[in-house]
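> Keeping the supplied structure of chain A fixed, place chain B upon it in accordance with the hints.
Residues per chain are reported as follows:
2 protein chains.
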Amino acid sequence: MSELKVDTRLWSGKARNLSPYIPGEQPQHNNLCKLNTNENPFPPSPKVAAAISAVLTQQAEELRLYPAPESDDLRGALARAYDLDINQVFVGNGSDEVLALIFASFFMKERPLLAPDISYSFYPVYAQTFGVELVKIALEADFSIDPDAYRQPCSGIIIANPNAPTGLLLSLADIRKLASEHPNATIVIDEAYIDFAQAGTTVSAVSLIHELDNVLVTQTFSKSRSLAGLRVGMAFGSASLIEALTRMKNSFNSYPLDKLAQAGARASVLDTEYFEQTCQQVIDLRHSLTAELKALGFEVLPSQANFVFARPHDGDAIGIASALREQGIIVRHFDTPRIQEYLRITVGTAEQHQRLITALKELAAQ
Amino acid sequence: MSELKVDTRLWSGKARNLSPYIPGEQPQHNNLCKLNTNENPFPPSPKVAAAISAVLTQQAEELRLYPAPESDDLRGALARAYDLDINQVFVGNGSDEVLALIFASFFMKERPLLAPDISYSFYPVYAQTFGVELVKIALEADFSIDPDAYRQPCSGIIIANPNAPTGLLLSLADIRKLASEHPNATIVIDEAYIDFAQAGTTVSAVSLIHELDNVLVTQTFSKSRSLAGLRVGMAFGSASLIEALTRMKNSFNSYPLDKLAQAGARASVLDTEYFEQTCQQVIDLRHSLTAELKALGFEVLPSQANFVFARPHDGDAIGIASALREQGIIVRHFDTPRIQEYLRITVGTAEQHQRLITALKELAAQ
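Chains A and B are the protein sequences, given in the same order. Going by this note's numbering, the final residue of the first sequence carries number 368, and the count climbs one at a time with no gaps. Going by this note's numbering, the final residue of the second sequence carries number 368, and the count climbs one at a time with no gaps.
Next up, chain A with everything else stripped away, as it sits in the complex (with noise of 0.2 Å):
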């Protein structure tokens, strides 16, 4: 909107005052290595676009019809998955909407809200959005997250794990002693890069939901299951914390998923074998990029995510960041204090990884 001459007459206080999230770049050209917004290497399960075209083939008639507003059967496959109750389980428009819903739901509060001062960058946002107050919690020097660091009274703590962009994982003993240190805040662990841990479903904070009542689990789609196109993330918490979202989201909007949607989610939970595999894959594969970049005196954090958090040798992260993207290879720089010099790199496939540790080599040589 560079050339428009925005005039503000008409909006509200609130409207003026957004700084909206501001994605990674979604460049359209081909021939793209494209490692910046964390999606995943492998397409989907084949069984989710077969899902949707049986919808279409069969039912496409059903689509003037309004899709169940609760997505029940998609909630009942996830509820079986992870060994929850349905009313346990909620689903929204990407867990950035699931995430939105829940400033609103409990973090409106008088008392601050806890998180991580290097975290996923839509925090800030959604707090200015409902007007919470955000105090900022500093990582360690070597970027892990200190529970005892979070002692004081709030309405809530965020914590991204494994952290973004830094990839590190909390313990689930230390989540546990989060949560029960304050029973009266609410505790979201938002596990968008859960299932590229070592033994994902170990390190998941979901088993904590039996014995924890304050803790709020969110996942998504987007990364482990190859569906960032279809827009679908979820929540896992007591029941009374899901029905605060439940009547959050329908006072906002009834319908959030489309019946396509629901439809090939359902899918991808339902093909596990799938799932585990490229998991697997993509965790062999940050392995492999791991060592070639510390091959290349690149100083790795210990990622437990689909990307990597590398500082080159002599810390100039913009600069190769900016060299890359001449050759069309994309990664995301943040220009955010304490992290300048590391860049975030999306685990690809093996080719694209081949096609950046040549370009650095270059680089390096030069």
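Among these hints, one or two may not hold up.
A pair counts as met if it fits within one copy or between any two copies, since identical chains are not told apart.
[Said to hold, decoys possible] With a straight-line Cα cutoff of 30 Å, these simulated BS3-like cross-link-like pairs (lysine-lysine) come out:
no. : residue 1 : residue 2
1   : 7         : 296
2   : 7         : 363
3   : 138       : 7
4   : 7         : 179
5   : 7         : 36
6   : 7         : 111
7   : 179       : 138
8   : 49        : 138
9   : 179       : 111
10  : 363       : 49
11  : 179       : 36
12  : 296       : 36
13  : 296       : 363
14  : 36        : 363
15  : 296       : 111
16  : 179       : 49
To be clear, the hints were calculated from the coordinates, so they are not data collected in a lab.
Then chain B, alone, in the frame of chain A:
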């Protein structure tokens, strides 16, 4: 959630005080004559399923990627169809989401929002969600809207046109008058049903956008385009109004429309012929339904929508709704002052009308 004892300990005050929107029920039984949620009796254009199938066969792999965040192709198609610039077009996850963003963008102000006392029942819900004071302006005795009744300071005015559940149309001259008299208020015309008005395009407020920068028009794919199952809605207005909505969207959820919905909705916009044909069929069916109900002694308001608002001669709307229900015919009754004696009946197929009229005749004969 009837058996759940809800523990609201962790809920925000906002969450505790919500009275969520209650959509018309979506029963999943067979052989139901569903005339309660104003869905289109005709299927969507076959080109919608074809376009989505093409994505699934040719680009299924791309579901792993985030969709176009601003739905550029879809917005471009809408801009061409409605003779607007692309920056005068906004799309969202159903017009319900678009309306929610409108409330946040333009009505969160000191001055109240004005709306008819009888209108879309989601408006008071949004007002509560966003802390907007809503002043209800009484419809005239004949359920028409008198623009002179809106002469008071306000942040905006929202009017469904044709109005729901009455089906009555406000003239373009009256809308122009409202907008001209309130240059510093945002006048939102919710045209969910406008395509069913006789000569729909000439009564749409979209034409006013070129002369009045405070008119914002919402429309939806759920009614005239038979795509309630796909969740796509839009707003048309000045580039400055659309920019506010875009920023607000990007402070809630950056990617509300999935890749398939974008492709399907675009195909629907391009199939003008099918659209015009099915709208005309619905209009014809509305005329015949109106005549049949009148012949049975119903008072029927002159609807310009895909539903009729009808009062049985004895005013026992709730008794009839309940008796019809026993026969699998679902119509909508609102337990709201002034309209308890009316039923809102969606225009269905000729077969559905026959079933309804037969049932009503039998009831009358009892």
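> Now, for every hint given, state plainly whether the structure supports it.
Verification of the supplied hints:
no.	hint	in the structure
1	7 <-> 296	neither (48 Å within a copy, 54 Å between copies)
2	7 <-> 363	neither (45 Å within a copy, 61 Å between copies)
3	138 <-> 7	neither (35 Å within a copy, 34 Å between copies)
4	7 <-> 179	between (51 Å within a copy, 27 Å between copies)
5	7 <-> 36	neither (33 Å within a copy, 48 Å between copies)
6	7 <-> 111	between (36 Å within a copy, 23 Å between copies)
7	179 <-> 138	within (19 Å within a copy, 50 Å between copies)
8	49 <-> 138	neither (42 Å within a copy, 50 Å between copies)
9	179 <-> 111	within (23 Å within a copy, 42 Å between copies)
10	363 <-> 49	neither (40 Å within a copy, 49 Å between copies)
11	179 <-> 36	neither (38 Å within a copy, 52 Å between copies)
12	296 <-> 36	within (21 Å within a copy, 63 Å between copies)
13	296 <-> 363	within (12 Å within a copy, 82 Å between copies)
14	36 <-> 363	within (18 Å within a copy, 65 Å between copies)
15	296 <-> 111	neither (45 Å within a copy, 54 Å between copies)
16	179 <-> 49	neither (40 Å within a copy, 55 Å between copies)
Going down the numbered hints, you'll see the structure goes against 1, 2, 3, 5, 8, 10, 11, 15 and 16, while the others check out.
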